[in-house]
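Protein chains in written order, with the numbering used here: chain Z, 790 to 1158; chain Y, 35 to 256.
It is possible that some hints are incorrect.
The calculated DSS-like cross-link candidates involving lysine-lysine, where the alpha carbons are at most 30 Å apart (straight line), are [to be verified]:
1. Y:200 with Y:224
2. Y:200 with Z:1066
3. Y:143 with Z:1066
Simulated DEER-style distance windows between Cβ atoms [unchecked claim]:
4. Y:82 with Z:1064: 56 to 64 Å
5. Y:180 with Z:1025: 43 to 51 Å
6. Y:49 with Z:1133: 46 to 54 Å
The following residues of chain Y were derived to be distant from chain Z, with all beta-carbon distances above 10 Å [stated by the list, open to error]:
7. 43
8. 60
9. 72
10. 82
11. 83
12. 99
13. 134
14. 156
15. 170
16. 174
17. 182
18. 192
19. 201
20. 205
21. 206
Derived by calculation from the structure, the hints in this document are not laboratory data. The C-beta atom is built at its ideal place from N, Cα and C for all residues, glycine as well.
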Amino acid sequence: MGDVELAQQTSSQLHRGLRVAVLLTASGTALVLGMINLTRRLDRYDLPVVQFAAYAALAAVLAVEAVLVVRDRPWRGWRVPAVALVLAAAAASYLTVPGGRIHVDWMFGAANWVGLAVLLDRPLRTVVAFLCAHELLAFLNLALLYEINRYSLAGFATGSVTVIGLPLCVAVVAGVLGRISEEAAAAARELERVRTEEAVAVAAHRRRAQRFAEVSETAAPLLEGLADGSLVPSDPDVQSRCAVEAARMRRLFAETDEVENPLLHELRHCADIADRKGVEVELDARGRWPSPPVVVRRDLTDVALTVLATAGSWARVTVVGGDDLVSVSVVADCGELTVPEPATPGVRVETVSGGGTTWMEARWQPSPS
Amino acid sequence: MAAEPELITAVIVDDHVAIAAGVRYWCEQADPPIRLIDAGARLADVWTGPGAEADVVVFDLELVPGQPQFGELRRLVDSGRRVVVYSQHADDATAIKCIDIGALAYLTKREGPHHLVPALRAAARGMPYTAPSLSGAIVADTAPDRPRLSPREIEVLRSWFASSSKELVAAKLHIGVKTVDTHITRARVKYANAGRAASTKSELVSRALDDGFITIAELNER
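Given these sequences and hints, build the entire structure.
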């Protein structure tokens, strides 16, 4: 997750910085410069109270934006009313501007910055639409209420260039920034996905190679023998070796299953092989035990699968476990067997035979740790 | 057929016809045979008629599936009947609870004539019989108030559970078959006379049941 998180964090930090910068610019233009211009020419306004009301509206929007910036929240549903308020304030202000000198009015420069502060995290087209709406509002005001001549039009156009240009530049930068951070996040996600896939593939390959090595030691010679005819399938010894290998493979497949009690799960798979040959297998477990590591489980189940592979007609597999001892026993009607040598030192195997019945027990004592 | 004095009579309470028929076959094949009365699922037939005279009661703990009838078992034991519980149930707590209540033997239905017939004979003499499944349940018992068993007793019980053959247990532990029996019996006696508050508590509980203070359902939740 590291890269994606970092990319998201970087992008949100950039956005926040830009938002603060726009808020400061808007406040400077609308509140500080606006107040200076407003008070300097106060005597020329017919209705100063309307100007102050418009000023208060912009100040209110900026105050809300300031609170939102501090709390790091977006505008959500309040965005549209806020933009409407800005445009309404501008309209009210322009209606009471004396002599149609909108392009030098305090509101003409201020409204766009305040609007941009509200719309900064929206797509570029929204900002452009707002800027156009404001420009149109001002122009209609000029065109409808006052006489248009070359000088007034030139003055309006000159004023508009800076008033629209600067906020537009900032909006474009914000858009580009947003796209770059989105791409960066997507790239980081992709990189992470590829890395994860690779790690999974490497682990899976290692596991397969290891499993193959484990099976090849015993199964491969058997298969080779059967293939070149040196081993005859009708030989009971070969049959029992095949049964043992089949059970080993089943156990190998079962080892990777996610189950609550892996030892019992693997024993069930071993028992299933015997069950298929028509041996009546009874599996009974008592107690609770800590799950033994794979190598220990193999030692414990090896006994069971060896006996089960050679059982004649019935077998009883039992597990008794506790915190200090796990014992796997198999009793079956089979002859003498070679005891598989346990690979782990903590496992002991014992065999008792009598009256055509063989009982093998493998016990594991978890070392206290 | 007139009952001879040495002939053991057993009554079976089990709602599965196949089980009753199977047990009847095993009893007939036993040497000497055991006379079996089939009470079906009717507990009343254990208390009245020929069932009331039977030496041993073979009791299916779950006449109603999912609701082991410990209350009925308690009533039978309290009135001096010799009960062999023959249950579908294989969980350790149930087995130990039955022994606690006073059943002479607890067998799961997987345990066939090799264990049921000796259990019936032992019960007819008023002696307990410990089947491998019960043996396993005792070994796996981790209740804090469980009776203290010696390591040898635990070893014998575990081996008996695993091999289900006393000869194999004897051969493995290098002891005689009689000694194996002695260890099993000794461990079993400790469980029967565990000194747990069970004996008085059982009376208390069955009285509370009779008086309707608690229900069987509440009892089973414990």
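Hints versus structure:
1. Y:200 with Y:224: holds, 20 Å
2. Y:200 with Z:1066: holds, 28 Å
3. Y:143 with Z:1066: The given pair, whose Cα atoms are some 24 Å apart, holds under the 30 Å limit.
4. Y:82 with Z:1064: 56 to 64 Å: violated, 46 Å
5. Y:180 with Z:1025: 43 to 51 Å: holds, 47 Å
6. Y:49 with Z:1133: 46 to 54 Å: holds, 49 Å
7. 43: holds, 31 Å
8. 60: The claim stands: residue 60 (chain Y) keeps its Cβ more than 10 Å from every Cβ of chain Z (closest is about 18 Å).
9. 72: Its Cβ never comes within 10 Å of chain Z, the nearest being 27 Å, so this holds.
10. 82: holds, 38 Å
11. 83: holds, 37 Å
12. 99: Given that every Cβ of chain Z is farther than 10 Å from that of residue 99 (chain Y), nearest at about 22 Å, it holds.
13. 134: holds, 18 Å
14. 156: holds, 22 Å
15. 170: The claim is violated: residue 170 (chain Y) sits with its nearest Cβ about 4 Å from chain Z, within 10 Å.
16. 174: violated, 4 Å
17. 182: holds, 15 Å
18. 192: Not fine: 5 Å to the nearest Cβ puts residue 192 (chain Y) too close to chain Z.
19. 201: Label violated. Min Cβ-Cβ 6 Å, cutoff 10 Å.
20. 205: Not fine: 5 Å to the nearest Cβ puts residue 205 (chain Y) too close to chain Z.
21. 206: violated, 4 Å
In this structure, the hints that do not hold are numbers 4, 15, 16, 18, 19, 20, 21, in rising order.
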